[in-house]
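Engineer: Each chain, written out:
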Amino acid sequence: MFKLFKNFTKKDIILIITCISLVTLHVWLELKIPDYMSAITQLVQTDGSKMSDILQQGTYMIVCAFSSLICNIIVGYFAARISSGFSVTLRKKIFEKVENMGIAEIKKFSTSSLINRTTNDVTQVEMLIGMGLQAMVKAPIMAVSAIFKILNKGFEWSVLVAVCVAVLLFVVSTLMIIVLPRFEKVQKLIDKINSVTRENLSGIRVIRAFNAEKYQTNKFSNVNDELTKMQMFNQRCFAIMNPIMNLVMNGLTLGIYIIGAILIEKAGMLEKINLFSDMVVFSSYGMHVIMSFLMLTIIFMMVPRAQISANRINEVLDEEISIKDGTFTEKTKEVGTVEFKNVSFKYPDADEYVLKNISFKANKGETIAFIGSTGSGKSTLINLIPRFYDVTEGEVIVDGINVKEYKQEILFNKLGYVPQKAVMFTGTVASNVSYGDNGRPKIEMDKIKEAVKVAQGEEFVEKMENKYNSHIARGGTNISGGQKQRLAIARAIARDPEIYIFDDSFSALDYKTDAILRKELKKYTKNATSIIVAQRIGTIINADKIIVLDEGKCVGVGTHKQLLKTCDVYKEIALSQLSKEELENA
Amino acid sequence: MRRPGQTSIQEKSKDFKGSMIRLLNNLKPWKIIIIASLTLALISAILSLIAPNKLSDFTDYISNGLVPKTEKIVEISQKIEQNIEKSNIEKKLESIISNNNLSNEEKIQTIEVMKKMNNSKDKEESIALMSLLPDKVLSYLINDIEIDGVTITAKDQVAVLKLLSEKENIKDKNEVLSLIDKLPPKVYNLVKPEINMEKIKSLAIFMAIIYILSALFNYIQSFSLSTVSNRFANKLRDEISKKINKLPLKYFDTHENGDILSRVTNDVDTVAQNLNNSLATLVTSITLFLGSMLMMFITNWLMAITAVLSTLVGFILMFIILGKSQKYFNQKQEELGNINGYIEEMYSGHNVVKAYNGTKETFAKFEQLNNKLYIANKKSQFLSGMMHPIMGFVGNFGYVMVCIVGALLVINDVISFGVIVAFMIYIRLFTNPLSQIAQAMSSLQSTAAASERVFEFLDEKEMPDESNITKKLKSTKVKGEIEFKNVKFGYEPGRNIIKDFSVKVEPGQKIAIVGPTGAGKTTLVNLLMKFYDINNGEIIIDGISTKELSRENIHSLFIMVLQDTWLFEGSIRDNVKFNKENVSDREIWEVLRVVGVDHFVKTLPGDLDYKLGDNDTVSQGQKQLLTIARGMIEDAPFLILDEATSNVDTRTEELVQKAMDKLTQGRTSFIIAHRLSTIKNADLILVMKDGNIIEQGNHNELMARNGFYTELYNSQFEL
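Chains as they are written, first to last, in the numbering used here: chain A, 1 to 586; chain B, 1 to 719.
Incorrect hints may appear among the rest.
What the hints assert, rightly or not - What follows is a list of derived Cβ distance ranges for each label pair:
| hint | chain 1 | residue 1 | chain 2 | residue 2 | range |
| --- | --- | --- | --- | --- | --- |
| 1 | B | M463 | A | F170 | 52 to 58 Å |
| 2 | A | K188 | B | A438 | 31 to 37 Å |
| 3 | B | P605 | A | I516 | 45 to 51 Å |
No wet-lab data here; the hints were simulated from the structure.
Backbone N, C-alpha and C fix where the C-beta goes; we use that ideal spot for every residue, glycine too.
Chain B with its partners taken away, still in its complex shape:
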């Protein structure tokens, strides 16, 4: 199933070669496994190439057993005839009659035959007559002869001669064969075609071994390659996850989260899966392709040329279609994306569509998009569906050509039938890999493109190294003094939005930051937390410039509670204690009590173990309280506080306010205020507009100034 956002559009990489080399370099830790698996793939391909040849031998052995030994028949008949001539039958016959050993009946029979024989001059007829003689008479008349150690009795001799003489008159081949079946068993055994069962047996065993080995190698190979590719994916994902922590915040403010997300999942997945499939496929396919071509030429060059030529046309056709269908496929993906986007848009804006009578317009637009999709879809489906049958036909066509040319050659005794059988398999081995090579190549293309995106992310410039920083402020010993000294800052070089800002904050003071949305209130947070480096000037904490302190150290001095209540999927306990270790449940309950959510948490199933997720049980305000609790657990001398959103109901809002007040006690606090009433008692109010601090002072001073602050303050009572 396709994940949303994941498309199969063929991506072209910017630098295919470079990316592939980099990719292979990254695979170095698994070099041995990869080489071993590819070798196994190679061996297994070679084995499957040997097999058809052996199968051809196999067929030859069998077909040897189809035709009776004609020479033997000739030899036997000659010997019998000679024997009979030597036997001087007529003379013997006369003496036989006087022989008393015969019964009267036999005598009469013999005499009758003799009479007839005398009348007939035809040799054939006389043989037929002879077969009517009693066995005793015959054995007396004709001596037994021995051929290849087998004694053939007189009766059998006559029978053979009789059958052979019948053969002369028969033209139909099948009847001739059935005559041979009627030969006396002893003679039949001499002429019957023999399959060399010993050879067949050893060949069968050999082939079975080849097949099993080939399957085994194949399995080991894909087993180890999938191991490698998954480990590799694991490593890439881990690297990306670690990289996220090393990048400056600027990166995240200027890049979309969705983009990074798709690198972690889709791109890594593409790299790993394609690598897994295409590497082995490529090795096997190329080996099979070249190998089968080679084997064909070794076996019989004329048939090899026939095979190659007859499949070539098909391939050209196939590649043309492949190119065409790719175009329509991309088009289809695009149209599908368009319509899905439109559907999403219209469904989410359903109430507006309805209330503004936009339904008609919407249907018309949908119809239009739907029809476009229909056309692209139909074409791409049709073209991509054509690939398989054409491949099948190419196979069949090659097959027939091989058969015809093969038959010609067999008839002219150039090759044996087994060669045709071998070629039937070669042609399959030869046609399959080409399309696989094409597929593997295009999947390598998208691998390169995906890996480029992954590496691009991993190559992003990291935050400056801080290993040379030696100074350290202990959070328990900090007084809480902070000073901005001629601070200048801008997000883009050359465009300072904070121009020369200076202020000194005494321990325990409360500083409020106000201004309309988008005025850049978070900029100050960014600078305080050293999320961004200031361009000029200094921020000094307890006499030490933040430039001389590590980010980690600074972070440990601040509690930060932001407006967007960031909680993760996990239990309430995990969310409140977060990364702080050795926090007992008692401490957590204590904090929850202070912020006033202990009662609520107790009502939840499993209280502290309650899993926070996408459910609505926990309201926005309660979430806010939980983040405050988390801040309290951390406990640090400075506080950055972003006030609650307006989406909180009044009662919770009061709780949040109280909890925040408690949090500010005894800490130097920076409060981003949305509601002016709460900050009137602040020691210092910084008024921001368009990213800059335009006014500063306490409430009364600012009101006296009758400036922007006054305007802002009064606007909350106006209509």
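Bound conformation, chain A alone:
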């Protein structure tokens, strides 16, 4: 947690110190109020006091209360500024860090966890700071000052206050110990009820087809009852909190008065009045003491939670980025070549190699395809070209230069990468197609249209309401999977890269569209090199070179026809998709 506090700027620290002093002042003023109260009480009690005296004390008291309000408001303003400023800085830091991470680091944390760390965890820490600057500083100061004020005013009363504090702390902490773990269980049950419902909705056709409605309803009922039971227990426990708190506070006042009556009865004439005013004051200080202890307990409950969040944030910020940027920014002599030299790769923490000793070279204008069953390492291999991962052994060379030497920006300018899962951003069709920066002037509308046309997206884009300016929802949820994939391909085309990388990018297209798209693409990108990963034989059947991968090893290189004769793995894959005669006809 304290590590995160290093993110405070000098200005923040000055503000924080100001806050602390203002809170101290605020507490001092707040505690001054009962003093005036007691003065007023005494004045009222004794015969012959002048009204002007009472008015004077009253004015002091209001001035006190008002100044304390002003202090409080200023502290509130600063606290809001500091905590939101802090969260903004923190969020930015995490975001930038994550954006600079390689896929290895992202995989290590998982995307959803990173999202949570950037959003929820930051909010948690922010809340603690916002609350902390006010309550965390105020509670101890308040408690200590209030205790000091009453300490020499009556032993019996002090004991009573201590007992009340003890009772409250006991009740609150017992409750927390009982309820907090159950809160987590409730959260899990809510997740479970969500997942059962989601299951019911996503499987609605299956459930109906199997006449399993009752089966599922029973399942839901069970979780529902469990959730209700758990939640009811928690709430019933918590229901005790309020009455006990009231009881303790009322009991405290009553107790102070009873003790007061006894003390006054015993005391000499001179003492009586003093005791009485002490008593009135005590009843209000006692309340302050109790309230501050309550506040402290609540904060103590909050700190561990924020601590967990802080740790999670620190993990991200401390993560070392494994991909170090290169320095090469010049023009290369070669254009459009990709070469793997004895490349082996394994994931950082893994024992086994995903890729073993892969070598090949793609020349300008060639199409190189990779095929193999799931887990054969195709996608991993292709991810080595844009340096999403660094090779464990060997070299990946683009345009004659090792990818590690490039300044990443320069390398990316050469590449047109289309991932397996098409990524769409909120915006328009045009903004999605022209996304990014390729080191040249911003992509024009004509170019966008051309790219979409080649990617076989013209027909559906023209049908959309605002054509190229049509809105694309977050994650592209308002267009189909096939449409997303076509726009993702258009994005790569619009970039005019030297080298295209298609990571199984045609899978959501039907055979026909797939075929036309590839034909058009070939025409359009005659000079560009294409690296394709595919599942379907049809997609790669005409590649210049097909590389067959099996368990990370290259088991065959050649054209379709050659491989059918020489490579068993390839033949097996081909036969599972097309019949013998179809293969021969093709």
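With chain A's structure known, arrange chain B on it following the hints.
Structural biologist: Okay, now just chain B, sitting in the frame of chain A:
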């Protein structure tokens, strides 16, 4: 902790009154508990109103014990003086000296005093001198007197007179009080102020009872209300879950799952929790507010007006801030949603952002969103943080005003000090509930909005009732014949996408449905399974129209294996046998063996007990095999089969293909095909495009036609 998707944006309900009435109607089963708890809340509020009054009495009793009984002092001093005058001291003194009872020393002392007394004419001085006389002499000189049954000796009398005479010269009040402390004990007991301990005791007991009762009622009340609200939530959730089964599939095809999900969890939760909190709060707060106002006016109208007026300003201020902060709060939620969405988007598209050099652009956009959030966040935090201090000040201000006006009144003997104490508490009771009422009202608003959404779902039109259907086909006796007769269908009225489709399928035939993605292949499944009702024409199974059969009956005739492998969180055993009862493990193993996953299942920890979840141990293809196994267990005369996705590795794919072939044996099957090679031997191929069936026939017929099918078929070899 906030769940994702759950925001605190204040939702406004469309029809607040209507929704609340409906909500209350739904709460009828718990009417008695609710009324009882609210009554308890009311009583407990009233009790806490009585308490300050009693506390005020309490204070009065104590403050009665502060001031000495002045009248008594006056009475005593008068009596003593009279007594002394009567005693004729000088004469007696002379006779005393001749009295032999005195020692010489005492005699000398007495004579000395006498001499001095003769010289002094001052009464005060003579009293002081008198106190120097020996006790024996004094008791002889002055008779004991009796006041209120207490005998006061001569010595004490003189002492009293001496102290009282000193009092004349002292102006300081405290010193006067300390003089009283010096009075002889017997006299002191007579004048000392007395606290009526008996009364205090009974009052303390009474108040303790009030406090305990109030706490007890309070607890019972929240205990039973939380019981009710949770039971209610339970009921709502159950109703929603049951409702899901009664709605036509059309509803789910046109509504987002996330929306229904949020009704089950967030909305129900909002309704239950808010109801739990706000109902009792509202009753208590209103009672406290009105009650404390009433009590204040009863106790003292002038101070009541002071209290009300001095807090009023604060409240107006508070409501203004509340309104303002609500605006910024909504804004903050919106900005937070925006930035969270952006973060999610950028993180999930991380590789594209990177590979397209979009990082700079991304940072700029993020900075912009982050700054917007900063401003909204700062403002909303500041404003909402101001509420509490202002409330505190309102309390303090009222407090002071009450004290000042109270002090004025006390000095003028209009009220006793206890009234001030009571008002100090009333003012707290009076200021707290108002903000609570405001909070409860706004939470009722969101309750209404949430309950509207829940009820809206529960009110959705259900599928037609089928209780009048009498015909029933037994799955064991069905031959497997099916006929489409002039079937017309469209998802929207007036727009038929299947126009007049007729075909007859003989038992055991294999029908393939092909077409590009989005061509509407699932439409046929929807009609066969009676998920949707056809607009015109008939589907006839073994001579009986599906219109005359119940959905349940039709479903029992079909095995359905879909492309999206629907498996739930649970053991492999549960997933394979699903809702079918009395399935032995042997049967399950048998089926798993037939589809070829028995070896795989045996490698899993706990084999059949292995819990399927979000883990990657079980691949897509293996999941597909498990769904096929589930279909086999069900065993029915018809089969609907959606072929495997392309995301399956080659070896598993072969297994899946084999398993599917086995499943089609002896059944009339409808196969949605993605790979044309597998359906070439189908008895009938239906070619679909844009929702319509455009060609039908077997492979050779269709190829001969050289139409869309031919095009589709050839495209898989092209580049």
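Engineer: Looking at the structure, which of the earlier hints fail to hold?
Structural biologist: none
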